[in-house]
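Participant: If you want the building blocks of each chain, they are given just below.
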Amino acid sequence: SQTIHQWPATLVQPVGSPLSLECTVEGTSNPNLYWYRQAAGRGLQLLFYSVGIGQISSEVPQNLSASRPQDRQFILSSKKLLLSDSGFYLCAWSVPRLANYGYTFGSGTRLTVV
Amino acid sequence: AQSVTQLGSHVSVSEGALVLLRCNYSSSVPPYLFWYVQYPNQGLQLLLKYTTGATLVKGINGFEAEFKKSETSFHLTKPSAHMSDAAEYFCAVSENTGGFKTIFGAGTRLFVKA
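Heads up: the sequence lines are chains A and B, in that order. With my numbering applied, the first sequence corresponds to residues 653 to 766, in that order. With my numbering applied, the second sequence corresponds to residues 2 to 115, in that order.
Keep in mind that the hints were calculated from the coordinates and are not lab data. Be careful, since some hints might not be right.
Label pairs and their calculated CB-CB ranges [unchecked claim]:
hint : chain 1 : residue 1 : chain 2 : residue 2 : range
1    : A       : Ala661    : B       : Lys59     : 29 to 35 angstroms
2    : A       : Ser681    : B       : Glu16     : 42 to 48 angstroms
3    : B       : Gln46     : A       : Pro748    : 20 to 26 angstroms
4    : A       : Lys731    : B       : Ser71     : 46 to 52 angstroms
5    : B       : Thr56     : A       : Gly695    : 23 to 29 angstroms
6    : B       : Gln46     : A       : Gln697    : 16 to 22 angstroms
7    : A       : Glu711    : B       : Thr56     : 30 to 36 angstroms
8    : B       : Leu57     : A       : Val664    : 41 to 47 angstroms
9    : B       : Val30     : A       : Ser729    : 32 to 38 angstroms
10   : B       : Gln46     : A       : Ser681    : 19 to 25 angstroms
11   : A       : Val766    : B       : Lys59     : 40 to 46 angstroms
Note that the Cβ used here is the ideal one computed from N, Cα and C, for glycine as well.
Required output: the full structure, derived from the provided sequences and hints.
Facilitator: Right under this line is the structure:
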């Protein structure tokens with residue numbers, strides 16, 4: 653069966669420090685991968701999506717970047733965190749070209765920038 | 002372009018009462034529709050989905066939703082609320098065009114009173 657792992661679960665980082673969040677998927681090949689952010693009391697904001705290794709699309713200009721170095725690995729990064737980067741970050745995967753499949757989400761990372 | 006509107010950012014019901022969470026969508030082609038549930042500090046979990054066929058779909062935890070094309074709605078219901086249903090619920094739509102993005106609503110937080 654397919655599983656998605658996301659870590660760390662919580663993270664407290666000072667302003668100006670770097671960030672690296674990792675997400676890996678098991679049990680499937682060539683998944684579509686997504687990074688979302690939830691700010692407090694707000695909905696889901698799509699940050700990045702990827703349909704293959706090295707293929708990254710950015711939805712919102714921001715202080716973050718994403719990379720997909722391997723088929724089932726998706727990394728969210730920042731060189732210098734801002735206070736506004738605080739939030740709950742979710743990774744998700746879906747089956748390519750199957751819009752009816754739905755998304756499977758990881759358990760999320762709570763990032764607090766202080 | 003797709004869009005999703007969830008009516009009511011907060012809904013409060015008494016334990017044992019009917020749960021009704023409203024969702025309206027906009028889509029230029031026949032949509033796929035989803036409801037997800039998110040418990041505190043967790044990722045989203047798929048509750049149910051409509052793809053084709055029967056317009057009344059049943060999901061986990063006793064929830065169901067009915068696709069009404071004429072009303073462009075996909076409301077989520079449960080006959081009798083339980084305390085464990087307290088969570089945030091997201092409606093989502095994707096289009097049957099081979100696209101790889103799903104649009105999420107802003108979410109509705111359900112409170113269940115004893």
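Participant: Evaluate each hint against the coordinates.
Facilitator: Here is how each hint holds up against the structure:
1. A/Ala661 with B/Lys59: 29 to 35 angstroms: holds (32 angstroms)
2. A/Ser681 with B/Glu16: 42 to 48 angstroms: holds (44 angstroms)
3. B/Gln46 with A/Pro748: 20 to 26 angstroms: 21 angstroms Cβ-Cβ, so the 20 to 26 angstroms window holds.
4. A/Lys731 with B/Ser71: 46 to 52 angstroms: holds (51 angstroms)
5. B/Thr56 with A/Gly695: 23 to 29 angstroms: holds (26 angstroms)
6. B/Gln46 with A/Gln697: 16 to 22 angstroms: At 19 angstroms between Cβs, range holds.
7. A/Glu711 with B/Thr56: 30 to 36 angstroms: holds (31 angstroms)
8. B/Leu57 with A/Val664: 41 to 47 angstroms: Because 46 angstroms falls inside the window, the suggested range holds.
9. B/Val30 with A/Ser729: 32 to 38 angstroms: holds (36 angstroms)
10. B/Gln46 with A/Ser681: 19 to 25 angstroms: holds (23 angstroms)
11. A/Val766 with B/Lys59: 40 to 46 angstroms: Check passed, 45 angstroms falls within 40 to 46 angstroms.
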